[in-house]
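Engineer: Based on the provided sequences and hints, a complete structural model is requested.
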Amino acid sequence: MSKVIFGVWDGEVIDNRDKRMFEIEDSPRFDNFVEFNPGNPIKAFFGWKGFFIFDGGVNLLDAAMLYITRAAKESCGACTPCRVGTNIIKQKLADIINGVAGVESLDELELLAEHVRTTSLCGLGQTATVALQKMLTYFRQELEAEIRDIANYKRQEAYSYVTAPCIEACPAKVEVPRYIDYIQDGKLTHSVSVILQKYPMAETCGRVCVRFCEFACRRNLVDEPVGIKLLKRFVAEREKYISDNWFDQDLIADKKPDDLKVAIIGTGPAGINAAYHLLLKGYSVDIFEAHSEPGGMASVGIPNYRLPSDVLHKEIGIVETLGGKIYYNQRMGKDFTLTDLKKRGYKAFFLGIGAGTGKMIGIPGEQRSMKGYKSGINFLLYINHYYLNIGLDVDLGNKMVIVGGGNVAMDCARSALRMGSEEVHLVYRRSKDEMPADHEEIEAAEKEGVIFHFLTHPVQIVSKDNQVTGLKLIKMELGEPDAGGRRSAKPVDGSEYTMDCDFIIPAIGQRVDHSFLSPNDGIELNKWGLIDAEPHTLETTQKGVFAGGDCTTGPKTLIEAMALGMKAAKSIDDYLTHGRVLFDPSERMSELIKDIEKDDTDYLAVPVRATKRIIADEIDPEVRKKIFEEVEKNITVEQAYEEASRCLRCYRVSLAITEK
Amino acid sequence: MKGYINGKEVEFNENDTILQTARAHGHFIPTLCALTCLNHTPGTCRVCLVDTKKKGGPEHQIVTSCDTPMAEGMEVLTRTRLVRERQRLQVELLLADHNQDCASCIRHGDCELQDVAQFVGLEQTHYNYPHFYRGRTKEISSPAIIRDMSKCIRCLRCVEVCREVQKTDVLVFTDKGLTTEIGIKDSLALGSSNCVSCGQCTLVCPVGALAARDDTEEVVDYLYDPEIVTVFQVAPAVRVALGEEFHMLSGESVEAKIISAIRKIGGDVILDTNFSADLTIMEEGTELLDRIKNGGTLPMMTSCSPGWINFVEKNYPELIPHLSSAKSPQQMFGAIAKSFLAEKMGINPRNMRVVSIMPCTAKKEEAKRPEMTQNGKPDVDVVLTTREFSRLLKREGVWLADLPDSVYDNPWMGDYTGAAVIFGATGGVMEAALRTLYAVVNGKELDKIDIKAVRGLENFREAEIDLGGDYGKVKVGMATGLKAARNVLEKIKTGEADKYLFIEVMACPGGCISGGGQPRIKGEYQYNKEARQQGLYTIDANAPVRQSHNNPMIKKIYEDFLGEPLSHKSHRLLHTSYTDRKRKVKHSIKEIWEEITAESII
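From first to last, the protein sequence lines are chains A and B. Going by numbering that gives the first Met the number 0, the first sequence opens with residue 0, and the numbers climb by one from there. Going by numbering that gives the first Met the number 0, the second sequence opens with residue 0, and the numbers climb by one from there.
The hints are simulated quantities; they were obtained by calculation from the structure and are not laboratory data. Since this is a predicted model, take the numbers as computed values, not measurements. We put the beta carbon where it would ideally sit given N, CA and C, even for glycine. Check the hints yourself; a few may be wrong.
[Unchecked claim] Each pair of labels, with its calculated beta carbon distance range: (1) N525(A) x K589(B): 36 to 42 Å; (2) E71(B) x K489(A): 46 to 52 Å; (3) E71(B) x L220(A): 17 to 23 Å.
Structural biologist: Have a look at this one:
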């Protein structure tokens with residue numbers, strides 16, 4: 000726990016300069032601020048709403064110089080006060096540090112700081128001088144004392160970090176404002192390349208991402224978030240990075256020795272992204288896939304009308320272009336074991352085996368083998384793989400009931416309509432507001448004609464001669480919110496009724512298929528049945544074996560899986576180079592920022608004019624509900640320029656002064 | 000909704016900005032980056048500061064008026080001491096980042112940054128850091144346009160025009176911080192990029208960052224060289240715009256004064272591009288009939304606008320066969336001057352220098368094309384834009400408005416028709432061509448010479464014209480501005496444009512009257528378009544001869560020299576060919592990553 004000697008944050012001034020260290024009260028906000036990395040104390044933190052000093056020896060002038068230098072470097076250069084003002088402040092501070100100017104220039108600095116803060120166009124300029132201005136307003140004596148003693152000025156160790164709320168919200172930390180900037184700047188090639196720095200599946204992500212970034216977008220404080228996903232799809236679809244062969248093996252600058260082979264299990268988003276980054280780092284990578292085609296849950300779990308399979312396949316192809324080899328129909332636990340791979344000379348391993356087994360509802364009459372019963376994930380596999388790709392016929396009966404309220408349930412319902420089911424019902428135990436599926440997905444399903452039954456829960460499956468004939472349901476009511484804020488649902492006595500149907504799809508979650516693992520592999524599971532991996536390093540209980548994606552987190556999203564794949568690649572590189580996973584200062588800064596922000600209320604310093612978000616064209620619901628063609632169309636270049644101009648560029652600089 | 004500006008009640012609509020509201024109510028607020036006629040308020044200069052106080056709130060806040068919305072009951076103050084001080088500081092910052100070599104600047108005396116500095120009452124600049132701008136690009140490789148990024152203030156007006164008006168989309172915002180500049184897509188030089196040299200960007204640049212190359216020095220050399228015979232040609236659109244540079248009315252024809260002016264500065268032979276515009280109609284019209292008769296590529300498209308030619312060569316080379324092979328009037332003039340005229344006047348073509356006065360920046364580049372030469376010498380030696388010509392006159396101490404009127408007197412190329420002068424407005428080439436085509440087809444003149452159906456200022460127009468004879472009613476199209484031109488080309492690709500026989504295209508919106516080399520109005524774009532257009536139609540209406548084929552000197556040149564349109568000699572002198580100049584850029588992710596890593600936050 001750290002003690003703040005003095006500082007200002009978001010208008011709140013803390014001044015304990017008259018106290019001795021043991022007299023200062025602990026502040027729970029700074030639980031995490033004792034050390035930056037082991038043995039390296041954090042002495043001060045400077046950010047976009049102010050600063051905190053934890054150590055009496057901090058030099059404020061130097062901190063201000065370090066901070067403004069970074070801000071000036073990051074200035075996009077469009078608006079005058081940020082581009083020029085930050086650089087003039089830097090010059091003025093340098094004059095003071097070099098003894099050319101004295102305390103008399105502090106007034107001018109204060110004016111410049113105020114001017115840059117209040118008149119800059121975007122978040123970077125509006126926050127770049129806040130810390131400096133607060134120092135000048137509240138703690139000017141400290142600066143004056145430092146100036147009088149300028150002969151003893153000393154440089155300090157520091158780590159600076161630039162980010163934005165959308166970047167922090169993205170599991171893969173894609174630099175969202177940068178790729179939006181590049182669109183505004185007219186450099187679409189550069190825009191898509193920003194995304195490709197993080198993963199090869201840019202177009203895939205542009206279609207199906209759950210958009211953590213958009214929920215964090217500060218444009219929400221004005222009107223609607225920037226259409227970040229639309230813009231991503233726009234550049235990814237427009238720039239032909241695959242057909243124009245942007246990638247080749249020349250890209251790999253630092254080829255590693257041939258014996259440093261890495262084995263990756265699974266071609267889902269986690270495995271593919273781990274492979275991508277390892278290949279870029281110069282390792283030879285072999286990938287083992289249990290199915291006959293790649294993509295894992297991105298291929299099986301996402302219907303064609305949201306993600307055409309050729310898009311996914313060609314993006315996975317980048318990994319092969321970079322020299323990765325994919326072995327199909329190679330199921331771990333059946334065709335080989337981890338121990339076999341070790342014998343074959345692989346030095347490190349990544350398990351991205353997913354969580355592909357559908358959970359059962361657990362009610363009387365439910366059997367996996369009965370006709371007219373398939374788990375949601377199995378159903379999607381059936382349609383996407385066996386029906387659409389191989390052409391096998393499927394009988395879905397006339398009336399289908401889907402159980403669940405997540406995205407998989409929506410995917411099942413909308414796919415069933417496209418397969419020709421006459422009536423598609425969806426039962427969910429809570430109300431619409433509690434549904435975990437994306438709002439857009441729920442709306443699309445409603446438009447296409449899925450019949451929703453909220454506050455309804457199955458109690459028994461009715462069948463005859465092993466064929467589903469109906470589902471017994473009970474009405475539910477909502478109780479008080481639980482500790483997590485979610486309202487519990489409890490059955491209403493005597494409200495049971497039976498709905499006739501000939502197909503039931505439980506889409507209530509998935510779990511890891513444990514048949515992949517053999518006892519000899521030494522991979523331990525945690526209490527949720529997931530692979531136990533250390534969250535910072537992703538290392539499993541076996542040395543050199545790393546795991547990530549749904550198999551360590553339970554069913555999550557494409558972007559989270561890709562992020563973990565990228566993280567695993569860094570860990571594996573560290574492991575193969577240094578024998579251990581190294582400290583990641585950016586990740587640490589990210590944690591500190593999260594801590595600082597958790598009690599903050601956000602607001603816009605300057606009023607912003609409301610503008611409408613671009614809406615992509617869609618195929619008419621009456622037409623599209625019959626076909627697996629993609630529903631949403633790409634936006635035009637004019638629309639993209641317009642949407643890109645809505646970005647507020649909430650860049651902000653953080654600086655941690657450390658011992659070493 | 001209601002609020003207050005400087006204590007006076009103002010009405011506004013929801014989401015109106017403070018700037019919009021202030022302007023609507025006659026309150027002046029200085030701006031620099033805004034180009035409101037194009038709805039361009041990027042909010043980059045940050046000069047338009049005002050003081051605001053929200054209803055009921057005690058706090059005053061300084062905000063930019065261009066991007067801050069008005070709010071119910073808001074009080075806005077535009078001229079308080081604080082506002083003026085902060086506007087002043089902003090302009091000081093702009094100047095700290097700007098190469099203030101004002102005396103040598105191409106925008107000397109015509110600079111919007113200086114105006115803003117005046118307005119905010121700047122008396123002294125406190126910040127002088129030449130290293131802020133010293134390293135920026137100065138590109139002088141293009142024959143048409145120069146880029147001096149040490150002057151750029153990042154208003155992005157040029158990007159807006161290039162992207163939204165012309166849809167050429169060549170200009171990009173590059174780098175970051177103090178090194179930010181307006182660059183060329185894929186980091187190319189202007190000449191090798193998709194830039195077509197239309198110069199529309201130079202009409203909106205508030206400072207000297209983007210400008211037409213200044214070639215006045217070369218002309219002064221020729222004027223004062225006793226060995227050299229200078230032959231001047233003046234394009235149609237110049238005469239209705241040049242007066243603006245000398246405080247005369249826009250649209251007023253100053254042709255008679257231009258003749259006096261060239262004479263005064265020592266020009267030897269003073270002629271008009273209109274002569275060769277008439278010649279163009281003879282050649283292009285005959286080519287069209289020939290294409291119809293012999294199954295040539297249709298629709299045929301005009302070829303007098305060099306920006307347009309560049310655009311086709313660089314973007315749609317597969318459609319080159321649709322372009323008329325006729326050279327532009329400027330180049331026909333040069334070719335005829337250095338052959339026919341030189342012969343008639345007994346001048347050695349080696350001593351002759353053809354100087355063009357053009358409304359156009361792309362003409363500078365056109366004159367440099369290798370195919371526009373005879374015996375290794377260019378047909379046109381130097382091209383001055385209307386703005387440069389004005390500068391030349393001022394350098395030579397000539398004030399156009401004070402000069403007496405004068406007339407053309409050359410017996411070989413000194414006559415022109417009303418059909419030629421309307422080349423300067425969109426639809427003019429089409430109208431001139433139709434007048435002659437009708438006469439050729441029917442053996443008689445049109446009853447009504449004015450073909451109003453092809454006139455207008457909309458970006459794309461079509462008309463149905465009864466050509467008579469075997470042709471009957473034909474459809475023609477007129478596109479102006481490259482955005483409309485692109486649409487037409489796309490329609491040719493899909494076959495939708497097959498219904499047209501002949502399409503006129505002008506690279507600049509409105510035609511040459513709004514060319515990239517014409518006088519500009521600060522803070523406006525295409526401001527005098529209508530007046531200039533009207534000026535040209537008035538000259539035509541009052542012309543004694545209004546059909547190209549009736550120009551007596553045109554008849555004479557065919558009799559004495561060329562033979563007939565499309566003759567062997569015509570082909571050699573008056574027709575040209577085009578080249579596939581489509582750019583093939585091979586991107587590699589490696590290179591792009593190297594570039595963006597330098598700019599990224601990591």
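Engineer: Evaluate each hint against the coordinates.
Structural biologist: Results for each hint:
For the hinted restraint 36 to 42 Å between N525(A) and K589(B), the CB-CB distance of approximately 41 Å keeps it satisfied. Judged by the Cβ atoms, the range 46 to 52 Å given for E71(B) and K489(A) holds: they are separated by roughly 47 Å. Between E71(B) and L220(A) the beta carbons are some 19 Å apart, a value that agrees with the proposed interval 17 to 23 Å.
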